[in-house]
Amino acid sequence: MKTHISRIVILTLWGLAALGDVTPPTEESVLDTLERSHPRLMLSNEDLGKLKSRYESDVALQRYASQVKDDADRALTKPALAHKLIGPRLLSVSRECLDRVYVLALAFRWTQDERYAKAAESNLLAVSAFPDWNPSHFLDTAEMSHAVGVGYDWLYDWLSDESKKVIRAALIEKGMKPGIEVYKKGGWWTISEFNWNQVCNAGMIVGALAIADTDPEFAQFIVPRAVRSMPRALRAYDPDGAWTEGPSYWHYATRYTAYGLCALQTALGTDFGLSDMPGLRATGHFPWYTTGPAGLFLNYADSGERATHKPMPCMFWLARHFRDAAIADAEHALLADSRASAEHIVWYVPTSGQASTPRDLDRWFKSTVDIIVMRSAWDDPDALFVGVKGGYNQVNHGHLDLGNFELDALGERWARDLGSDDYNLPGYFDKKKGGKRWLYYRNISESHSVPLVGGKGQDEAAKVSVIDFQSSPDGARVSLDLTDAYKDRVESVKREIALTDQRRAVVVRDRFDLAAPAELVWAMTTDAAIEVGQDGIAVLTLRDKKLRARILEPTGASFSTEPCTQDPPQKQNKGVQRLLVRVEGKPGPAEICVQLVPAWPD
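Per our numbering: the sequence shown = residues 2 to 603.
It cannot be assumed that every hint is accurate.
Said to hold, decoys possible - Straight-line C-alpha distance at most 25 Å; calculated DSS-like pairs for lysine-lysine:
1) Lys464 to Lys437
2) Lys457 to Lys587
3) Lys437 to Lys367
Just so you know, these hints were derived from the structure itself, not from any lab. Since we're looking at a predicted model, the values are computed, not measured.
Please model the entire structure based on the sequences and the hints provided.
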């Protein structure tokens, strides 16, 4: 009994600490400030009117609105949505419904062309007729609740009473009630610290507030609990906006943070302090720092294959809410060669017309997963860039990749992270020690640019820390203590990665202290062709561009290569190989140091 009570006390104190300055509402008071009329979610009619007035003279807004209207036109002829699962997920259907509803309902509100309203209604009725929204994989339910909630709210004055009745009933039975059951049972995503928290809570918030005038009991139950739950994930942005699950999942988590907080603000006039959580104000700069000059994200965790930095409408919400013009201006720059989404209109922020504020060349993002980025320039697509990952191997979507580095130069990515494999592989998310997740090549150390010791990779539960970070006009360096990742085989392992030679070269230095003999491997994963010359220098080639690798330590060591090819059902990684340095380590200190120098034009 005492143990049980102690556990309750600890969990309660932990929950209070996670809340910080957030003040959750009570069930009795949460709807006191409810905006009674529709639409009340994301974009009021008043704000829509302001956008349409600005449209007359804002060239960027004109282009974005035209692109969204084109998307709405294409959505008019798309086939009906069907209840079709991929593996255990209905998620692709929920997301397709969300995309259709946003573009169609916004196009109707903008033009009053009823073709768009009818098409949106058809999609809403189709998913309302589904047997369920797949609550066993609750992301699907949350995103569908979001889609149906926004569609119901935005089309409220146009929909017939019968359609409203059908859609509202589906939202209650297939979205709100399953969500309430999760909250009652303390379901795992309500206490999680990653993207599921934001997505599921925000989806429930949007759905509940959409029907809060006719069915207030759902918002009264859900909103206070969602506001109490979300800080557990939002505190992951502390202190400077980094995200443990990688830049791709940063977008998913932050987009839903924006949906949830914006819905609270527009429907209730407050987000109860959620947007004041430390780090959220700064997080809009994280994707830019973690994008290399080649346009690719620093691809740690379960990021997609060669994931690129694409437009993200939550940037406009962040820019508007925190009055940070630099975030909006950067998004506009990205949209110059890309297409806008409906949410870019909803959260639209005009360009500031001001000169951009210079960014730091080097940045250490401090988090459960430390991220260090260093570069030679911001305005040069051929610039030298290296990103380094520290942290904890057990984070959600994590790989065994502590100390991994990715390198850009000459407009190419030379050292790369392969990214995720198929989520439907058996046991893909079984991340415990000895779990099936660690059977898949892309998830383990052997596919990453990290040391191997004694023929093995890193401990599944390892944590590593940054022990030094230095930045100067001439260069930058970071040092990490990797000992915990290899603690059963070494006395210590430390990795130092530096930009040297006036930021024109990279040096990767691994220092070991061995208790027993062990093979040591330095590795770099690359798409490049590799040719090792008689002088011992490895020449890497990508599209007629070259990078030279030279072993600085130990004397007499040589390069070798190995393919990254795997058999189905894993991704096969064709054309990817690893540049290796193998050394037979003896008890005591050992070192492997490699210099990487792009073949800069004269």
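Hint-by-hint comparison with the structure:
{"no.": "1", "hint": "Lys464 to Lys437", "in the structure": "20 Å, holds"}
{"no.": "2", "hint": "Lys457 to Lys587", "in the structure": "17 Å, holds"}
{"no.": "3", "hint": "Lys437 to Lys367", "in the structure": "30 Å, violated"}
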